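Protein chains in written order, with the numbering used here: chain E, 1 to 465; chain A, 1 to 465; chain Z, 1 to 434; chain X, 1 to 434.
Treat the hints as calculated values from the structure; they're not laboratory data.
Note that the structure is a prediction, hence the values are computed from the model and not measured.
Mixed in with the good hints, there may be bad ones.
Pairwise CB distance ranges (calculated) [said to hold, decoys possible]:
{"hint": "1", "chain 1": "X", "residue 1": "Lys-14", "chain 2": "A", "residue 2": "Glu-36", "range": "46 to 54 Å"}
{"hint": "2", "chain 1": "Z", "residue 1": "Gly-361", "chain 2": "X", "residue 2": "Gly-35", "range": "35 to 43 Å"}
{"hint": "3", "chain 1": "E", "residue 1": "Phe-282", "chain 2": "Z", "residue 2": "Asp-385", "range": "39 to 47 Å"}
{"hint": "4", "chain 1": "X", "residue 1": "Lys-14", "chain 2": "E", "residue 2": "Asp-460", "range": "55 to 63 Å"}
{"hint": "5", "chain 1": "Z", "residue 1": "Asp-291", "chain 2": "E", "residue 2": "Asp-182", "range": "52 to 60 Å"}
{"hint": "6", "chain 1": "A", "residue 1": "Asp-120", "chain 2": "Z", "residue 2": "Lys-402", "range": "57 to 65 Å"}
{"hint": "7", "chain 1": "X", "residue 1": "Met-1", "chain 2": "Z", "residue 2": "Ser-217", "range": "54 to 62 Å"}
{"hint": "8", "chain 1": "X", "residue 1": "Lys-14", "chain 2": "Z", "residue 2": "Gly-292", "range": "42 to 50 Å"}
All C-beta atoms in this analysis are idealised placements derived from N, C-alpha and C, irrespective of residue type, glycine included.
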Amino acid sequence: YEEPIIKDIKSSNTFSLSEQVDESILPENLKRKDLELPEVSEYDVVRHYTRLSQMNYTVDVGIYPLGSCTMKYNPKFADRVSAIDGFRNIHPFQPENTVQGALHVMYDLQEYLKKISDMDAVSLQPMAGADGEFTGILIVKKYFEDKGEDRTEIIIPDSAHGTNPASATMGGFDVVEVPSDDKGMVDLEALRAAVSKKTAAFMITNPNTLGIFEQNIEEIAKIIHNAGALLYYDGANLNAIFGITSPGLMGFDIVHFNLHKSFATPHGGGGPGAGPVAVKSFLKDFLPVPIVDFDGNSYRLNYELKKTIGKVSSFYGSFSILLRAWSYIIRNGDDGLKNVSARAVLNSNYLKKKLEKYYDIPYYPLKKHEFVLSTENTGKRALDIGKYILDNGIHSPTVYFPLIVKEAMMIEPTETVSKADLDNYADVLIEALKLSDEELKSRPKNTAVRRIDEVKAARDLKLKW
Amino acid sequence: YEEPIIKDIKSSNTFSLSEQVDESILPENLKRKDLELPEVSEYDVVRHYTRLSQMNYTVDVGIYPLGSCTMKYNPKFADRVSAIDGFRNIHPFQPENTVQGALHVMYDLQEYLKKISDMDAVSLQPMAGADGEFTGILIVKKYFEDKGEDRTEIIIPDSAHGTNPASATMGGFDVVEVPSDDKGMVDLEALRAAVSKKTAAFMITNPNTLGIFEQNIEEIAKIIHNAGALLYYDGANLNAIFGITSPGLMGFDIVHFNLHKSFATPHGGGGPGAGPVAVKSFLKDFLPVPIVDFDGNSYRLNYELKKTIGKVSSFYGSFSILLRAWSYIIRNGDDGLKNVSARAVLNSNYLKKKLEKYYDIPYYPLKKHEFVLSTENTGKRALDIGKYILDNGIHSPTVYFPLIVKEAMMIEPTETVSKADLDNYADVLIEALKLSDEELKSRPKNTAVRRIDEVKAARDLKLKW
Amino acid sequence: MDEISSMLDYLGIKSTEELFSDIPLSVRKKEIGIGSPLDEHLVLERARKYASLNSTEMLNFLGNGIYDRVIPEAVNYIISKSEFLDSYTPYQPEVSQGMLQSIFEYQSLISDLFKMDFTNASMYDGYSALGEAARMAYRINGKNKILIPESTYDSKLSVLKNYVWGLSMKIEKYKMNEEGKIDIDDLQSRIDGDTSAVVVENPNGYGVIDENVFRISEIKKESLLISYVDPISLGVLKPPGEYGSDIAIAEGQQLGIPMNFGGPLLGIMSFKADYVRKSPGRLIGESVDADGKRAFVMTLQTREQHIRRAKATSNICSNQALLTLAAGSYLSILGSSGLKKVALLTIKHSKNLAESLGNIGIEKVFDSISFSDTLFRIDKNVMLDLAKKGILGGIKLTSLIKDSKYSSGTFFTATEKTDNEKIKALVNALEVIM
Amino acid sequence: MDEISSMLDYLGIKSTEELFSDIPLSVRKKEIGIGSPLDEHLVLERARKYASLNSTEMLNFLGNGIYDRVIPEAVNYIISKSEFLDSYTPYQPEVSQGMLQSIFEYQSLISDLFKMDFTNASMYDGYSALGEAARMAYRINGKNKILIPESTYDSKLSVLKNYVWGLSMKIEKYKMNEEGKIDIDDLQSRIDGDTSAVVVENPNGYGVIDENVFRISEIKKESLLISYVDPISLGVLKPPGEYGSDIAIAEGQQLGIPMNFGGPLLGIMSFKADYVRKSPGRLIGESVDADGKRAFVMTLQTREQHIRRAKATSNICSNQALLTLAAGSYLSILGSSGLKKVALLTIKHSKNLAESLGNIGIEKVFDSISFSDTLFRIDKNVMLDLAKKGILGGIKLTSLIKDSKYSSGTFFTATEKTDNEKIKALVNALEVIM
């Protein structure tokens with residue numbers, strides 16, 4: 001069905017506050033002329049959004065194998081934790097002795113993230129993965145400012161997430177792109193050539209967006225560090241290596257986490273996320289303030305970091321997301337987290353093998369938690385196949401990313417999907433190849449709406465009713 | 001889509017309790033041979049039920065005007081109240097001093113129900129409306145046993161809910177049916193003729209299932225009381241008269257409430273409900289035990305009712321439903337409850353007037369919260385029109401009830417639906433008349449499944465997988 | 001014009017008062033007397049205040065019908081979905097397949113767990129389900145006597161009595177032996193031509209797992225065997241279908257339903273296929289739709305009150321649909337291995353509890369294996385003293401069975417949550433109190 | 001065979017270890033060190049224990065950015081629906097119309113409330129949105145100076161500085177007068193050819209409602225006017241679109257989002273239509289599908305990082321979609337009349353608060369109308385003493401603006417929930433403490 005916009009629903013407002021108040025309390029010159037919000041009943045609002053909810057795909061309805069997005073099942077106990085009144089109804093300016101439980105959770109989470117990543121200090125403040133990147137970039141900037149070095153370039157692989165170059169630019173750096181080699185890994189020669197005294201940092205994801213582990217990571221670290229630059233870890237794919245290796249062991253200096261990806265907090269239809277940043281000890285003083293300290297007796301907010309970049313957001317980060325990640329981590333423990341990665345990688349390689357007879361799956365064959373196939377060899381367009389997948393009641397992969405693979409489909413099954421799910425997904429992807437181009441282009445047709453005119457959307461630009 | 005049954009879903013069990021235990025703790029002779037529950041992941045279970053949920057109509061998706069069922073919007077704050085840990089996680093055998101809050105709520109609810117109904121004492125114990133009826137019948141039985149009178153008959157109008165005769169029979173009474181007069185009210189002459197020394201009680205709903213207020217209720221009370229019998233009020237339709245009149249004022253001796261109907265607690269797909277029973281003071285001692293008392297200082301469970309019928313269920317009633325009803329009542333207060341009835345009756349009469357040019361709407365014209373139309377004059381079957389309604393994304397009325405109206409559709413809009421909803425509903429009902437019989441019989445076709453072979457269901461009787 | 005005004009206009013009236021002109025002035029109500037409306041946030045404030053007066057953070061050793069068990073949060077998630085929560089009885093099956101399928105699955109899961117043929121779509125609670133079972137037995141064989149164990153709690157007996165009162169059935173208690181198990185000889189002597197049903201419990205009201213129930217089908221003669229069981233225990237215990245039960249009854253609260261101060265609950269009723277047409281309540285059956293597609297629907301409605309009225313097999317209308325959903329999702333999430341683990345841990349913890357109390361001189365009343373509830377010999381009533389120390393437990397048997405001969409009997413209950421730390425706290429508290 | 005074994009078989013390997021053979025041994029991790037898995041119910045037990053160490057039942061007079069307001073439970077219901085909560089960025093619009101339409105409605109509702117042309121689909125919080133607005137101003141006019149009020153909190157300034165650091169923009173504070181309002185002369189003197197934007201706040205960092213902001217568009221010259229507002233106040237106050245704002249920014253937490261210890265929040269950004277291509281973040285547009293049916297879709301993605309990479313208008317990827325849903329449903333439920341009521345009650349309660357404190361000799365710093373936050377003259381730091389009495393409040397201005405000249409300035413905040421009973425409790429407590 002077509003759901004009207006809320007403005008077009010007619011009923012009577014049922015919201016009420018019983019206390020009376022006289023409008024004259026405010027002088028006329030301060031007042032607005034008119035206000036045109038909907039005046040509908042709570043029931044109509046609830047119905048409206050309930051109907052809209054049924055026009056929205058969710059991981060609770062089916063698998064959601066968007067590469068790099070890590071759409072795993074978000075366990076319900078973590079939602080329950082974040083809904084506890086004692087966590088929801090506290091104000092950030094409450095005296096520390098009235099929020100010891102909240103600070104305890106944050107402190108523990110800092111510690112856990114340190115152990116998982118083998119880094120030395122953590123700030124929970126960044127509000128999303130990209131915000132973590134920006135924070136990391138600011139740390140890089142401040143670090144070299146402090147050292148009195150004028151370094152203006154950030155190097156980034158051509159397979160990197162778009163947020164990496166965008167974050168680097170926001171920090172005022174120039175972006176230098178290095179190509180991948182024929183294994184889909186960073187081309188070491190190109191990297192050596194790109195590195196200079198102007199290099200502030202190298203940003204990299206490992207495993208990378210092709211789902212391939214950068215086996216030369218130690219060599220990369222050496223190249224970067226020898227140049228006096230910093231090595232930055234984009235944590236979007238951290239879920240592939242829990243307990244196996246870590247950014248700290250690989251030689252990274254700065255790491256951001258995507259708690260919503262790695263630690264299964266709900267993605268909320270596109271946020272809120274949480275993007276904590278971890279650093280090696282020599283960078284601890286640059287972290288945003290406050291961080292949470294423990295004096296053996298009580299927890300406190302420490303604002304006294306000598307070279308802090310200051311603040312990147314209002315308070316202490318996405319607390320309700322931090323809570324869920326904390327819950328997820330203690331629920332899993334060492335063994336659970338290791339199993340998460342093992343199963344994620346198993347699922348990825350299993351699905352990859354089922355598809356490799358039909359689709360070109362370029363570069364190094366052993367994948368981690370995700371892999372990228374190309375539809376180029378099939379003569380079909382990735383977009384069309386993606387739309388056909390939707391018609392089967394499941395979500396399509398990320399398409400046309402990473403940019404270095406033509407007609408790319410980036411598939412991350414995650415560890416929570418079953419073999420039956422993977423078999424079914426493979427069947428659908430294989431079935432798609434039997435359809436005519438015309439048929440594929442007519443898809444989807446079982447969805448709430450069919451293909452949307454994106455050109456019109458951008459041209460007519462209707463952004464409000 | 002077709003959702004498989006849970007048994008056919010294949011994955012791996014993810015439930016875990018970490019403590020180890022040895023099977024040998026239990027002797028072999030006590031053990032079962034095998035156990036064949038599903039072994040699937042929590043994710044698969046969540047997905048399964050999420051998908052099933054989307055194949056289920058709810059009042060949060062659209063209006064649900066089932067006559068006598070009172071499917072109004074259930075406000076979300078009441079769900080929140082019932083979800084508070086301090087209410088959810090208490091055991092019925094906890095010492096009274098550790099559950100004072102729960103007892104306070106129950107006490108208040110008893111008091112509110114007394115005020116609303118003008119009765120003198122309340123038991124919250126019955127678990128549903130029909131259970132309240134059964135409880136009332138047991139009180140009738142015990143009352144006459146105590147008086148030493150052998151009364152074996154319960155009189156019931158022909159328009160009554162099916163639960164009335166069923167409950168009377170469960171109590172060992174014979175059911176005597178009295179017809180309705182040409183206004184759709186109890187035929188007083190027939191009632192006088194039916195009443196005798198064998199009459200234990202007369203059970204009646206007011207307004208009745210035709211949505212018509214029994215204007216002779218005082219005369220009815222006189223007839224019944226003069227015969228030494230008791231007058232029983234079926235509270236299913238109480239929502240029509242909040243603050244206008246009450247069973248107590250009308251002369252009733254015993255009343256049951258359907259909290260889930262009158263006070264907007266969720267119907268749960270067919271329960272749990274809550275069916276408290278209220279009585280006049282001379283019957284208080286017959287109520288089930290315990291009731292909640294207040295000594296000015298603390299609340300206690302009073303088991304000391306002299307002539308109590310004992311217990312009708314395990315503990316103190318559907319506590320989580322009682323909580324919601326309590327919330328709803330204090331949220332509304334006097335004014336709110338009066339408005340509930342006023343709007344419910346307005347909606348009903350408005351819709352009735354919109355339809356009366358098209359459908360026969362028999363009996364007394366002024367309706368209360370619901371009304372009954374007949375499709376007989378249209379040549380269409382009520383069932384077919386009901387199925388057509390479903391195709392419009394809204395729920396059909398109760399059909400073929402009450403039995404005294406041929407091709408009956410019993411429509412209760414409730415107070416939470418808007419004029420726009422009613423206009424739309426009327427349009428659909430009028431539109432239906434334009435369709436051919438053949439077309440109507442082919443409906444529904446936009447639903448998850450189409451008309452179901454009920455004969456096969458009863459004949460093949462597949463009640464488990 | 002606002003919607004109310006325009007509706008009044010359409011009806012040609014000035015105010016909604018006129019819509020109540022049919023109500024005699026002599027029965028008009030002045031005011032309700034509840035007071036002014038309370039803003040939503042103040043309702044919640046009041047509710048939270050009252051809730052804070054209930055103690056929930058105490059160590060819980062209470063049981064005897066209601067148990068504090070692990071509930072996967074996913075179960076709460078599922079039953080909170082408004083698509084289920086705010087729907088009604090599936091009278092229109094085409095738009096109610098979600099609820100119908102979930103109830104069908106509940107019926108199937110319980111039937112498998114109980115090893116019985118069929119399961120109905122719920123009764124209010126275990127006690128009333130037992131009452132319905134007795135009435136069903138009467139409908140099946142027309143006999144008048146129900147035999148129940150001496151360990152039946154008074155409240156359960158009271159509910160049962162009320163259910164069979166209208167049928168004038170007779171309820172008779174049979175004896176238990178010194179192990180707290182069925183005295184077979186005594187029971188056998190009471191079974192006669194007028195016996196409609198023998199009710200057995202396993203575990204029974206003393207908390208004891210009783211292998212004698214497995215032998216009743218051999219001695220019950222023409223009567224029916226009604227077994228009242230603990231559904232969690234069936235994770236390991238022999239199920240009612242394996243020992244010839246005709247009807248099996250249970251309280252289903254333990255299957256994913258919070259304690260909620262004792263309600264709402266879930267009455268489980270399973271039975272042999274032969275008796276289906278005599279069964280009370282609702283049944284969901286599988287069929288096909290007009291396109292031949294699998295579909296679920298309420299079936300055998302001709303037994304129900306809305307069709308059969310005075311001759312219905314029960315007066316059940318609203319039952320416990322949402323709680324069948326809780327039970328179904330609970331069993332699906334736990335699976336065989338999970339339920340078995342829960343049952344075994346319960347037995348293990350009961351054993352640990354008995355050993356620990358034994359170490360401080362508190363002995364079990366019966367030398368038998370308990371499931372959750374274990375009866376100890378403690379003369380003193382320790383409940384209030386324990387509560388002061390933050391511990392819930394110590395129900396006296398005589399508060400459940402007034403005239404029980406085991407007057408010192410005091411219950412402490414274990415579940416899968418009763419770890420050694422909790423047991424130690426209880427032991428420490430009891431040492432101080434006793 | 002279980003699913004893992006059969007998958008390993010298919011891959012021709014013995015264990016998942018082999019799948020990690022590409023990871024050099026030299027970087028292998030021994031153990032994580034978090035410990036054993038904790039059962040789900042024990043996680044909840046720990047969480048509840050920690051939560052109980054946070055005080056939530058205190059009377060709340062805290063504000064200055066985060067407010068304890070009435071949230072209709074229906075808002076919580078809506079944002080808890082897993083169809084929204086557990087979905088991702090709507091990259092596949094055909095199966096994401098629910099989220100897309102709800103964001104489109106959010107954009108529309110905020111635009112109407114602010115009287116601005118367009119609103120983006122969210123920033124992280126008000127502070128970072130202000131940072132993005134400054135960057136956007138730079139993209140629009142290429143100038144280097146941002147003027148901000150002296151009442152800007154240090155933390156907000158710090159975020160702003162970080163956002164413009166990479167652009168080498170200069171931030172300069174202008175003065176406020178003795179009424180706590182913009183010193184127009186001072187501001188005017190600072191606006192020059194290099195001024196990219198003037199930032200105004202209403203209510204401002206002193207809590208004062210400042211009519212001088214309405215005059216800035218007349219004096220701002222070539223620069224842009226960035227207005228930072230309180231969205232609740234717009235229930236009655238003149239909206240930024242009515243006084244010539246080019247970009248309007250707000251913290252949206254008050255629109256139905258719990259305090260959550262300060263996060264996650266909702267950054268609101270509205271702007272004039274002309275600037276849309278320079279705007280950061282995500283935009284949802286209306287279009288049609290292949291059948292000509294109305295449909296919503298992410299638009300102008302060419303500004304975004306996943307397409308434009310280093311040249312994107314921002315690095316925003318995950319933003320605050322779920323919180324736009326909260327804000328949208330909050331505004332829809334309250335409606336114009338509800339929001340106006342909330343705003344007026346807030347002002348009324350602030351007035352009551354000031355009068356009551358005035359009665360015990362505690363004076364306001366400024367003789368102006370406050371919205372939620374009122375600044376009082378109290379030398380002592382009363383916060384900890386109040387906390388002991390169950391009251392939260394008394395933030396020192398110097399803890400927000402370190403070098404403020406109003407060193408005795410102390411905030412107490414009112415919302416629609418601050419009734420006379422609460423104010424009385426505060427007065428009583430202050431009388432004892434002072």
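Structure-based check of all given hints:
Taken as a hint, the range 46 to 54 Å is violated for the pair Lys-14/X and Glu-36/A, whose Cβ atoms sit roughly 31 Å apart. Judged by the Cβ atoms, the range 35 to 43 Å given for Gly-361/Z and Gly-35/X holds: they are separated by roughly 37 Å. Taking the beta carbon of each, Phe-282/E and Asp-385/Z are about 59 Å apart, not inside 39 to 47 Å as hinted. Between Lys-14/X and Asp-460/E, the C-beta spacing of about 59 Å keeps the proposed range 55 to 63 Å intact.
A beta carbon spacing of about 54 Å between Asp-291/Z and Asp-182/E agrees with the range 52 to 60 Å that was offered as a hint. Between Asp-120/A and Lys-402/Z the Cβ separation comes to about 29 Å, which falls outside the hinted range of 57 to 65 Å. Separation of Met-1/X from Ser-217/Z is about 39 Å and departs from the stated range, judged on CB atoms against 54 to 62 Å. Checked against the given bound of 42 to 50 Å, the beta carbons of Lys-14/X and Gly-292/Z, roughly 47 Å apart, stay inside it.
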